[in-house]
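Trainee: Chain by chain, the residues run as shown.
Number of protein chains: 2
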Amino acid sequence: MTQDVYDVIIIGGGPAGLGAALYASRDRYKTLILEKYFPGGQIMTTDRIENYPGFESIDGASLIMKMQNQVETFGTEIKTSAEVTGLKKLDSGLIQVVCDEDAYVTRAVILSPGSSYRKLGAPGEEEFRSAGAGVSYCGTCDAPFFRDKEVVSIGGGNTAVEETLHLAKYASKVTMLHRREEFRAARVLVEELEAKAQAPDSNLVIRYNSVCTAIEGDGKCQSAKVKNVKTGTVEDVPCDGVFIFVGTVPNTDFLKDSVELTEAGFIKCDTARLRTSMPGVFVAGDCRTGADMQLITAVADGVSAAMALKEYYRDPNWWTAKEVEDMQPSGF
Amino acid sequence: MTQDVYDVIIIGGGPAGLGAALYASRDRYKTLILEKYFPGGQIMTTDRIENYPGFESIDGASLIMKMQNQVETFGTEIKTSAEVTGLKKLDSGLIQVVCDEDAYVTRAVILSPGSSYRKLGAPGEEEFRSAGAGVSYCGTCDAPFFRDKEVVSIGGGNTAVEETLHLAKYASKVTMLHRREEFRAARVLVEELEAKAQAPDSNLVIRYNSVCTAIEGDGKCQSAKVKNVKTGTVEDVPCDGVFIFVGTVPNTDFLKDSVELTEAGFIKCDTARLRTSMPGVFVAGDCRTGADMQLITAVADGVSAAMALKEYYRDPNWWTAKEVEDMQPSGF
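Residue numbers (the working numbering), protein chains in the order written: chain A, 1203 to 1534; chain B, 1203 to 1534.
Next up, chain A with everything else stripped away, as it sits in the complex:
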């Protein structure tokens, strides 16, 4: 067991964790990142990012490399292949972070394990995703790359509908697949979607009771195999891209016994200061309630958590201070 006491251990080395590490280590705090695989997380597989202000266009791996170098310059230690299995508050007030084969002791923790897009599990999904050749899980991020192209979108919830409407602003044609007869998205969204689909010369087609069973193409996505689950008929829908909006899964299984989670597994927090239910444990990024799920907001979340850390170091009682009320307009 390692006996060094860290000022802060950051769990997860994606954009939020790296943002937190930059600020914490630049503040000269002894900072350790524990990363299950390798730094970067979900963004590593993104070929082109156009919505991180400051970079007109950059790939995920290059951006992460820059951030990683930056935090290491300021002294952040990064342990890869380090899977955290739990957190334990010690009698001393310090926190023990337990890994598979090791355990670390720290004054504070920033949780930034991120989330994963729920996969469809269809053949071709992995192949065309990793090559950046047509499979995407984020319309806000990638819609502009499909200007005047044909795409298929998949899903039935709020995000699926919102993102499909967004795609329809760019794509020449959007075919939306939903496996059931009715959407579970908010009524107002569904109405907007249906109105759009029924408009004259609409570029949006909705296919109910339909699932995608495969994504096919030669080097890049060229069509989606679409099966009607009622009739059993299968059809190839030509398309340049497939957008999969079937949910997000926060990587928070290991936290079930330590911090309060929502039913869907997101870490509950006060959005103003990113405190969780466990004093000394902050949260940043996609894994928390209320996250905007964007690259830049994840990075900034990490920075905000690292800023809030200092309040806690100074006065542990700050943890339960209800400082937010004064910030709000009356009526909120």
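Simulated from the structure, these hints should not be mistaken for laboratory data. Any given hint might turn out to be false.
Note: identical chains are not told apart, hence a pair may lie in one copy or across any two.
[What the hints assert, rightly or not] Computed list of lysine-lysine pairs in DSS-like fashion (alpha-carbon distance at most 30 angstroms, straight line): (1) Lys1232 to Lys1512; (2) Lys1371 to Lys1281; (3) Lys1458 to Lys1524; (4) Lys1351 to Lys1321; (5) Lys1371 to Lys1268; (6) Lys1512 to Lys1398; (7) Lys1351 to Lys1512.
Chain A is fixed; fit chain B onto it per the hints.
Mentor: Same frame as chain A, now just chain B:
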């Protein structure tokens, strides 16, 4: 008067405004930035930024130029030298943004007028600030540039004490000036500061009843003229930098009649969704309550406001939804 209706008008073209504009215009909303002077705001005068994740080192003007090009690519319109004098809710539900010589109508507004560091008003302050030659208003940002150098810090509040302690981690010597006999900062902070100053071989000296009357040097800061307000004696304190922590002034005078402000002039908001007291008017960046006052957090704030905008477009009643409660752990 211009008759076009914008989807969103962003007031202030600094980092927060540019972050908001990137997302809003990339979402194909008709977006206008009204900027009093020129895009960039406070960060334009910063010579070296090391804490914007992704850039190891960049100057403020270059970073802003990149962001500005980025938002213009997606269709954001920017009007410079456009000073907003007020906001007015129209009977139609739209919002009128009134400028000196013009007025614009929009569905929603994002306020990002920023804030200014309160100036000392001492000779040399402007000269050595604009040349990046020793005058700074942010220890978190600039302390690492003064590693093993001598600095003077000025102020008496929480930020002044925190930032001075931070400076002492880097500088070989810090002389802190406070114009009164006692600090107004939190007791716990003052104790930490005093303990640090009284430690053997401390690199921190506190001078009470002392003000800085001039910053002097040849091309760069070399000394501060320090006057004891009780005895009247004046002394030159050699230093490579002067850090001025005498407060921040949000640029919100023009909003007095439209949105709720704190006594200090910050715009009240719900920190989760950045809504102000006026439906349809969001806020982002240093001018709001609870802001972390960092470059990256300002940019991300703009992005979050642009994301929240969509909820409002979809359903104006969302404005008063108390969605935050479910996000929080019990006891908050």
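Trainee: Hint by hint, say whether it matches the structure.
Mentor: Hint check:
1. In this assembly of identical chains, the alpha carbons of lysine 1232 and lysine 1512 lie at most 30 angstroms apart only when taken from the same copy (13 angstroms versus 40 angstroms across copies).
2. When the C-alpha separation of lysine 1371 and lysine 1281 is checked against a cutoff of 30 angstroms, the pair qualifies only between copies, where the shortest distance is 26 angstroms, while the shortest distance within a copy is 43 angstroms.
3. Taking the shortest alpha-carbon separations for lysine 1458 and lysine 1524, both the intra-copy value of 25 angstroms and the inter-copy value of 26 angstroms come in at or below 30 angstroms.
4. Taking CA atoms no more than 30 angstroms apart as the test, lysine 1351 paired with lysine 1321 passes inside one copy only; the shortest distance there is 23 angstroms, against 54 angstroms between copies.
5. Proximity of lysine 1371 to lysine 1268 under the C-alpha cut-off of 30 angstroms is restricted to the inter-copy arrangement: shortest distance 25 angstroms between copies versus 33 angstroms within a copy.
6. Within a single copy, lysine 1512 and lysine 1398 get their C-alpha atoms only as close as 50 angstroms, which misses the 30 angstroms cut-off; across copies the closest is 17 angstroms, which meets it.
7. In this assembly of identical chains, the alpha carbons of lysine 1351 and lysine 1512 lie at most 30 angstroms apart only when taken from different copies (24 angstroms versus 49 angstroms within one copy).
This entry satisfies every hint, going by the numbered hints stated previously.
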